[in-house]
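Please work from the sequences and hints to get the whole structure.
Below, each chain spelled out in residue letters.
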Amino acid sequence: MLLQQIINGLTVGSTYGLVALGYTLIYGVLGLINFAHGEIYMIGAFMGFTTLALANLPFWFSIALSVLGAATTGFFVERIAYRPIRKATKSAQLISALGMSIVLRNLAMLAWGSKTLPFPRVLANDALDIAGARFSVLQAVIPLCAVALMFALNGYIGHTRMGISVRAVSLDPEMASMMGIESNRVIGAVFILGSALGGIAGMLVAMFYASISFDMGVIVGIKSFIAAILGGIGSIHGAMIGGLILGLAESFAAAYISPAYKDALAFVLLLLVLLFKPSGILGVSSEKGG
Amino acid sequence: MGAIRRERAGNKLVVLAGLWVVAMLTPFVVRDGYVIHLLNVLGIYVILSAGLNISVGLAGLLHLGHAGFYGLGAYAGAITSTRVIPGSWLGFWAGLPVAVVLGMLAGAVLGAPSLRLRGHYFAIATLGFGEIMRSLMLNLVEITQGPFGIKAIPSPRLGSFDLGSGARFYCLVFAVVTLVLLGLWNLQHGRFGRFWQAVREDEVVAQVMGVNVFAAKMWALMISSGLAAVAGWLYAHYVSYINPSNFSLDESILVLCMVILGGRGTFWGPVIGSALLVLFPELLRPIAELRLLVYGVALVVLMAVRPEGVVGTK
Chain A
6 MLLQQIINGL TVGSTYGLVA LGYTLIYGVL GLINFAHGEI YMIGAFMGFT TLALANLPFW
66 FSIALSVLGA ATTGFFVERI AYRPIRKATK SAQLISALGM SIVLRNLAML AWGSKTLPFP
126 RVLANDALDI AGARFSVLQA VIPLCAVALM FALNGYIGHT RMGISVRAVS LDPEMASMMG
186 IESNRVIGAV FILGSALGGI AGMLVAMFYA SISFDMGVIV GIKSFIAAIL GGIGSIHGAM
246 IGGLILGLAE SFAAAYISPA YKDALAFVLL LLVLLFKPSG ILGVSSEKGG
Chain B
56 MGAIRRERAG NKLVVLAGLW VVAMLTPFVV RDGYVIHLLN VLGIYVILSA GLNISVGLAG
116 LLHLGHAGFY GLGAYAGAIT STRVIPGSWL GFWAGLPVAV VLGMLAGAVL GAPSLRLRGH
176 YFAIATLGFG EIMRSLMLNL VEITQGPFGI KAIPSPRLGS FDLGSGARFY CLVFAVVTLV
236 LLGLWNLQHG RFGRFWQAVR EDEVVAQVMG VNVFAAKMWA LMISSGLAAV AGWLYAHYVS
296 YINPSNFSLD ESILVLCMVI LGGRGTFWGP VIGSALLVLF PELLRPIAEL RLLVYGVALV
356 VLMAVRPEGV VGTK
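Taken in sequence, the protein lines are chains A and B.
The first sequence begins at 6 in the working numbering and counts up one residue at a time.
The second sequence begins at 56 in the working numbering and counts up one residue at a time.
If you are wondering where the hints come from, they were derived from the structure by calculation, not from laboratory data.
Any given hint might turn out to be false.
Okay, the calculated beta carbon distance ranges per label pair [stated by the list, open to error]:
#: 1; chain 1: A; residue 1: 216; chain 2: B; residue 2: 152; range: 45 to 53 Å
#: 2; chain 1: A; residue 1: 189; chain 2: B; residue 2: 152; range: 50 to 58 Å
#: 3; chain 1: B; residue 1: 163; chain 2: A; residue 2: 257; range: 53 to 61 Å
#: 4; chain 1: A; residue 1: 189; chain 2: B; residue 2: 338; range: 32 to 40 Å
Restricting the straight-line Cα-Cα distance to at most 30 Å, the calculated cross-link-like pairs of lysine-lysine (DSSO-like) are [as the list claims (entries may be wrong)]:
#: 5; chain 1: A; residue 1: 282; chain 2: A; residue 2: 95
#: 6; chain 1: A; residue 1: 120; chain 2: B; residue 2: 206
#: 7; chain 1: B; residue 1: 206; chain 2: A; residue 2: 267
#: 8; chain 1: A; residue 1: 282; chain 2: A; residue 2: 267
#: 9; chain 1: A; residue 1: 267; chain 2: A; residue 2: 120
Glycine residues also receive a C-beta, built at the ideal position from the N, C-alpha and C atoms.
Listed below in structure tokens is the structure:
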């Protein structure tokens, strides 16, 4: 029972973590909550659906297209809704972001309809058995995938030229631009990267639950953002740790307290963290002004 | 100079009084039931957004949980008139103080821990609080009947005179809106208004000048929440059936959009923003499928063109 909850919690938590990576990257560079990020995750899932179920493309090709679709969406979201008003107040940017999320959600509804759709089974659903806990192959693949991607992202940010530029812009945008870093290019890259990871997460979750709907990004988006804050927004490891903690907490709460309060739990955790350690578990600077 | 200014102010007052009379008489001239319904809904949103404007616009607190307080007021009112004092017109009126007190208390409960937070952190904390309140509405089944909601909420009455629908309800809403706006006008142009403005412009300077920043923010939040509860109290008795989905995050966002689109921190901004967002979707009714899409596009475009809102000045 305990082990079962841990496995379930890790599966769900690692998808929160993957989505949280996108929030943390974008918040780190722009100080902006990308409210459309949950919708980008949804777009990833629907691209997977379209290419797998409707176009019958091979699995790997479908994953590539779903990542590409999500990344392109992220790129355009930044160009259309955020770049033109980068100098405006935070609340104007927030409303623009919310507007963009409404646009994407409704475009998806027009394109794919408002019904929940079945997602094709890709990986054989063989159940594995460890000490009485049963889990599917996918439940092993998802956390491994998430953690691998987190390390890849960390390596990219830590060691490539673009990654160093990203860190420079997030630490001090003015200084970075004086040093000849084109912040617009960096911001564009961050949106593409974060959205690509969101797209993969969308695809993985769609495979796990075997169903998708146009509004699937809303609650996952909010919870993943909470995960990013739990871990310390701006931190890559923090996003993953926050995601895993949230997933485990939900899984335990559903099993041992009551499934009814599962969704509220994320918010209670959030308030507790904000109260006692607003910088999150791995956060460094406590506040980025508003 | 002084005389000219006084004369202008006098003219402005005459225009306002004229508009007020026009607004009051509209439902008696336009006798279309649907239009009157829209005006009733508009009135409720004006109370909500004018209230939210105090924290978002005046005190500079980005608040994403307003719907939680709206719901709290609605449930407080509905429970008072269906269970505490059922079968009497007094139940409706008794619900008002209950809703306001609970709303303001909840505002204080939110503010006490979260007002230490800044910017987006505060916004996310309020979002969380609003969602927790909705979760309580959903899960405290003995009190709220959970997802089934509360049905058969009696309509507002004064003695045996029914105020529950059409132009009659409009008179009630209009009276409340007028009182709320008058009260806010006084608050905004009095001591509180100056404190809030000082806090919004520069917290540190305000503190140095002797403004109790925490108290100023706390009052802003509590008054916002109290007004949201008033709106909820009216709404519950107007529609006679409420359930938790009426008070979701989308509702908080809608009201926030009203404030920001209209022009946050301005007096008439929330009124104009409410009118835009209540009436605009109606204009789009013929293209119902695309309604929300156009609404989203409009938000993005408006923020690009006028990030300070329709009547904003900056």
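Tested hints:
One distance hint, 45 to 53 Å for the beta-carbon pair residue 216 of chain A and residue 152 of chain B, holds here, with the actual separation near 47 Å. Between residue 189 of chain A and residue 152 of chain B the Cβ separation comes to about 55 Å, which falls inside the hinted range of 50 to 58 Å. A C-beta distance of roughly 31 Å is found between residue 163 of chain B and residue 257 of chain A, which places it outside the suggested range of 53 to 61 Å. Taking the beta carbon of each, residue 189 of chain A and residue 338 of chain B are about 37 Å apart, inside 32 to 40 Å as hinted.
A hinted pair counts as satisfied when its Cα atoms are at most 30 Å apart, and residue 282 of chain A with residue 95 of chain A qualifies at roughly 23 Å. For the proposed pair residue 120 of chain A and residue 206 of chain B, the alpha carbon gap of about 28 Å is at most 30 Å, so the pair holds. About 26 Å separates the Cα atoms of residue 206 of chain B and residue 267 of chain A, which keeps this hinted pair within 30 Å; it holds. Between residue 282 of chain A and residue 267 of chain A the alpha-carbon distance is near 22 Å, which keeps this suggested pair within the 30 Å criterion.
Note on residue 267 of chain A and residue 120 of chain A: the hinted pairing holds, with a Cα-Cα distance of about 24 Å set against a maximum of 30 Å.
The structure fails to meet hint 3 from the earlier list, while all remaining hints are met.
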